[in-house]
Amino acid sequence: MKLFRFSKSFITIAVLLVLISGCMQKEIVKVDLDTYLKNQQQYQGEQFKDKKLVIAATLKDVNERYDAYKGKIIELSAPVTYYGKSLFWTWYITLQKDGFKLRCYEDHYRLYPDRLAVDAALKARKSGDEVTVRGKLYSDGLEMEWLIYDGYNIDTNNPTRFSHPFPVWH
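Positions in the sequence shown are counted from 1; adding 2 to them yields our numbering.
Worth double-checking, as some hints may not be accurate.
Below, a list of computed lysine to aspartate or glutamate pairs in the EDC-like style, where the Cα atoms sit at most 20 Å apart [claimed, not checked]:
(1) 138 x 63
(2) 74 x 34
(3) 99 x 77
(4) 72 x 34
(5) 138 x 77
Ranges of calculated distance between the beta carbons of each label pair, as one might list FRET restraints [unchecked claim]:
(6) 152 x 34: 20 to 28 Å
(7) 13 x 33: 40 to 48 Å
(8) 155 x 129: 13 to 21 Å
Just so you know, the hints here were simulated from the structure itself, not pulled from any lab data. C-beta atoms are modelled at their ideal positions from N, C-alpha and C, and glycine is treated no differently.
Model the full structure from these sequences, guided by the hints.
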């Protein structure tokens, strides 16, 4: 009986380790657009299969070379000048700097958007601070994956926090 309990525990631990390792985030490799375009083959090789390529950009460069960035995962920083929410499960912010703008949005969230992400965007807008956003650039703007502000790295796609439609007091 002891052997059976030991093997059952061992199998349970092994399965948990496999599941946990499968959920680990990929290592992020940041590169600028010009370097990526010169060496595209290098970033598609075997050594990058477990890594996530992120193109570091500026708001000005994204606006000037929009088509070159389209379809790629980019990361940029700028002040938030607008926060909005539409009726079809989309909330968005507008980043603006030096006369250039970009709409960054999150859609297909649960019934309510992630409170931490929205609060961070609103706080940054009120204080005039820059936020960093990471996501995929499409024709209608940047679909956010991450919003980074004030020490918080907020996953806008899969919030792990339980969201209440009403305030919860402790």
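The hints, checked one at a time:
1. 138 x 63: 15 Å, holds
2. 74 x 34: 12 Å, holds
3. 99 x 77: 15 Å, holds
4. 72 x 34: 14 Å, holds
5. 138 x 77: 9 Å, holds
6. 152 x 34: 20 to 28 Å: 25 Å, holds
7. 13 x 33: 40 to 48 Å: 42 Å, holds
8. 155 x 129: 13 to 21 Å: 19 Å, holds
When the structure is compared with the earlier hints, no violation turns up for any of them.
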